[in-house]
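Protein chains in written order, with the numbering used here: chain A, 1 to 993; chain B, 1 to 211; chain C, 1 to 92.
If you're looking for bench data, these hints aren't it; they were derived computationally from the structure. Hints are not guaranteed to be accurate.
[Claimed, not checked] Here are the simulated DSBU-like cross-link-like pairs (lysine-lysine), alpha carbons at most 35 Å apart as the crow flies: (1) Lys482/A <-> Lys166/A; (2) Lys873/A <-> Lys91/C; (3) Lys70/B <-> Lys482/A; (4) Lys482/A <-> Lys129/A; (5) Lys27/A <-> Lys387/A; (6) Lys68/B <-> Lys91/C; (7) Lys88/C <-> Lys55/B; (8) Lys17/B <-> Lys624/A.
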Amino acid sequence: MSSQSHRLASGGLIDRSTPMNFTFDGKPMTGYAGDTLASALVANGVRLVGRSFKYHRPRGILTAGSEEPNALVELRSGARREPNTKATTAELYDGLEAASQNRWPSLRHDFLSVNQLASPIFVAGFYYKTFMWPAALWEKLYEPLIRRAAGLGRAAEAPDPDSYEKAWAHCDVLVAGGGPTGLAAALAAGRTGARVILCDEGTQFGGRLLSDGGEIDSMPSGEWAAKALAELEALPNVRIMARTTVTGVYDGGVHSALERVSDHLPVPPAHTPRQRLWRIVARRSVVAAGAIERPIVFPGNDVPGVMTASAMRTYISRYAATPARRIALFTNNDDGWKTVEAALAAGLAVAAVVDSRAEISAAQRETARGAGFAILNGAVDRVDGGKDGIGSISVALAGGARATVEADGLAVSGGWNPALALTSYHRGRPKWRNDIAAFVPDSPPPGMHAAGAANGSFGLAACLADGHAAGASAASDLGFSKSAGKASSAADAPETPLSPVWHVAGKGKAFVDYQNDVTASDIELSAREGFQSVEHLKRYTTLGMATDQGKTSNVSGLAIMAAVTGRSIPETGTTIYRPPYVPTSMGALAGTNRGEHFHATRLTPSHHWAEEQGAVFVDTGLWKRAQWYPRAGEKDWLESVTREVRTVRSGVGFCDVSTLGKIDVHGPDAGAFLDRVYINTFSTLAVGKARYGLMLREDGMVYDDGTTSRLAEDHYFLTTTTAKAGPVMQHLEFCRQVLFPELDVQLTSVSDQWAQFSIAGPKVRDLLREIVDPEEDLSNEGFPFMGVREVALRGGIRARLFRISFSGEMAFEISVPARFGDALVRNLMRAGEPFGIIPYGTEALGVMRVEKGHVAGPELNGTTTAGDLGLGKMMSSKKDYIGRTMAGRDALTAPDRQVVVGIRPTDKARRLRSGAHLIPMGEMPEPSTDHGYVTSVCFSPMLDQWIGLGLLARGRDRIGEVMRAHDPLRGEDYDVEICNPVFYDPEGGRQRG
Amino acid sequence: MAELSWVATAPLSHVLKPGHHGAETGGSGVAYTGLSDFALVQVMARRGKASALAKAAKAHFGVAAPLKPKAVAAGGSLLIWSGPDQFLALSPRDGLASPLASLAGPLAGAASLSDQSDARALIRIAGPRARDVLAKFCSLDLDASVFPVGTAAATSVDHTAVTLWRGEDTAGGAATFNLLVFTSFAESLWHMMLDAGAAYGIEVGEASYGV
Amino acid sequence: MRIACPYCGPRENGEFSYLGDATPVRPSLEQGVDAMLDYVFLRDNVAGEMQELWYHGGGCRAWLKVTRNTLTHEISAVEAARGAGAAKVGKR
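Using the sequences and the hints given, assemble the complete structure.
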């Protein structure tokens, strides 16, 4: 069947002047602009669109909206292939490729449909009871088989070529849903001058009006909708968003909405994202999301050709595509009859109406008489058929007799469920209304109101009035006093009440959750096994857990559970509603934060110069730092880094240390403040001096370290490690504002203000004399160790010079305003050329500090105390400071604690690895013999072997001991000697000269 | 002695390419301008000295410093609220002179000062689509009804701290927003901003602040 | 979630970081280790309204005391910490 065999000759909202070619399972077909993939498939007479998840039953299109559970296809191919896309919401475009899922080798001949024969095994919860014996077969046989059979569509296997965006929007009133209710609400609110955002998940606004017609304000409803839209578009305070689904409601009036910007195009236009995720901050919101028709549960209700009644008339009226030539209707309410009227108006045959109610209206009788079809009072209790569609429809009549109906399409209407998910995302539980046999919103999130069908008001007149009232009151609530205008009106025909029919018992599988293949008997099984609470029912049977989140099954499922357990529906209750309302792509959630731009990147002042030198970079948090600077001919990083260390220790080199956190601490109480946060004293530090400081957490563990200088009486310059710059600033502000607000101190981050470089090596003074103004005294007496001064540089700019050393060599740190950082580096290279100056990176920096036994991040790991690090003597006993009391706890001062030691393999050729554990000689490695571990390692050019630092119980008493380094992760075991952590120049003479 | 050269490098100098970027929209999109050569000082009142600072600032700048999130023009300077009892003073850079020098005397004792002139890059986003662009990376409500000219905000963009204020509309009546972003983040944020505005068409330019 | 910073106005939650219960008071040195242990480790698990410390790090950098209901998430009050800005505060 193809070439639009089921396209009606006239009518519909499609654009017949724009045909579109597409393929389904490789077969070329044609549709029109305005079609969805589903409506185009219907027009081409396609009935079979997929195979069900578990039983591989042939399935057809059940609905025409985003509640669709069956018609899930793979859309597109290659890098843009997306699985589980609903054909009912995918807009047709020229060249669209779609494929059915979950079948092999083909949709019509699916070998895995043998699952159906084994269906007694595959009932709900089968995986808790099967594939257990023999246990050895699980990993080798059962799991791989189940894995291959599981899942639906296939994800793409190449990077997504499209871009995605996130954006913010703010409004006074958010209207979710653009049918008659939503349009009325948006008009009312928009006319008052309030800022309104109106969203609809569809391409066109109008909701059910697009399918059901009707009259509003004495004009055809389509005309009314067009007028309403034109008025809204002309209001500057109204933003209209089509193809946008409101997907979530969060605290504080924050809503998420997914805009399908380019999903309807083969390729997104230039500079345009594929999808956009909005966060909309709304002071009030109106949920006008309509209602979802519910199917009735009966055996064979999943045969292709069985469709919800509203969907059938949507295809007939809106898309001019008919799913069948001869239809039957099974209904328990008046609304289903609209499908009969639509079918007759389109010239289709109606075989019969099966109505579960005894009371039929005169108008309905007249329709049946005029068209010559029977009205059967009873229920459909079986549909026979398969991949070729419906074979026959069996009816159990009210009196006990039976009847058979011949039709190739069965429209089913079990009533309507308000689409209230958005109103229940704050753990709201809806309330049951017997008169419509449906749940309606109860206690929505603050500022939100439901209106129209979403609130249980199903008539057009009621929707218009409801929508207007909701929009007007939301605006007036916020103080917008301009008139909301007059509400629009319609006339609704009187209705005979619905009579609930949840489940028609009979022979064969009766499906509740189509997507997860959950049947009525699964629910009965769940009850028998004791899983009777609705939350247990959900998880035991997986009812409502598929990508459609039970939109067509939740209420029917719990109604069946209620009946089986003798409870009322409200007593049985609902499960918790959770966002997002529709599946949301990872791309949309990430927006632009992916790949290179996953997070913002920070560059140092010397970054581009380092790039020119061919530096290799490493990510340190958000920063890019030069790790080493390879030279031509060097075979690996080890050779480059070793060369850098040797050159610094014998000549001179410089390293960009701008990434360390830098904080200006100002004020009369700046010194007193630092005394509270550091373990040692800073209030006594002389102006022009720097001091190493250690900060603890309040629980006594070491938090961070740095060098803090006193630049003036009331001005300190504090540094932190790179990683802790932000957290330390937050901690200091906490101390300033909450803990010690009586101290007069002000804090400013200056990390980016200064370009800071460490310059180290025996030739450093020679180099500095080339850079610094000749008037400055850089001698040991003129600029003593740990001194700090502002100096003039040759050429007019001023710099700060700090005589501090991390490398253990004679060293200074120089800082200039960041805009001169690049110039400084080039000047250092130029001026340092006679001395063989080189830049060195973070690796060489790390080697040198390990050689000097300086602790850093791997030792400040959150479990070490000042004492453990060998810095216990720094702890002042004369003042309170953060962490002092807790650091004094017995366990933190116990003599057997793991403390910092030096470690080196006894075999000089052996590589030491961090993470190796230290075991006494002769002992078996196990937790009780695990005395410590290696924290930092490097290849030391000065000692010509691998060395490291580590933490060892009673380490200071064990210098000289030989132990086992046990490394089960790498499968290594070797001897190491415990030694003084200061491997190189232990007297410190080199940096103090 | 080697020749030393002290050329200043602006934060965006490697990435700001003047000219058109993105879609062709006939200038109906946005203009991004990188503004350099400014002096920026963080002024924070000392405890109990908020009113003393207010008096001293009024005397020095001629205008009261803002007590609410606003940017206030004060002669050649712009005073931008940056938090409780603190503001930023933005002015054209005066060569190599320390921006703190002129303020240290007048504000002595009432405030602590910190030079931020090199710590920030200044980017101006203006044009008919300025708000659409900002909506992609700024969570603030910038609608004219709640964010009039002169309003300022301390906020974040891409999880980095940003100071933002609304300047005078363009000659064509379009909104103008100024953003001070941290120097080390400037290139990364600039790339992000180019992506955000490409669909609207961007005219990129550079200028010295205050000229 | 949004928090109305008293200085900046309502802002989205990404601008803030959460510390915890605002009610514990840091003990003085003289109060000893037991008081400090409680201060560091013991917290009430409040179901309902509690006072929380939040830092507006992505904004004006003020520390805030937020009264928030842990069940409904409703924020009923936000005030700045005693020592925010240049407030002159006596010792506790």
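Evaluation of the provided hints:
| no. | hint | result |
| --- | --- | --- |
| 1 | Lys482/A <-> Lys166/A | 33 Å, holds |
| 2 | Lys873/A <-> Lys91/C | 30 Å, holds |
| 3 | Lys70/B <-> Lys482/A | 30 Å, holds |
| 4 | Lys482/A <-> Lys129/A | 66 Å, violated |
| 5 | Lys27/A <-> Lys387/A | 17 Å, holds |
| 6 | Lys68/B <-> Lys91/C | 28 Å, holds |
| 7 | Lys88/C <-> Lys55/B | 18 Å, holds |
| 8 | Lys17/B <-> Lys624/A | 23 Å, holds |
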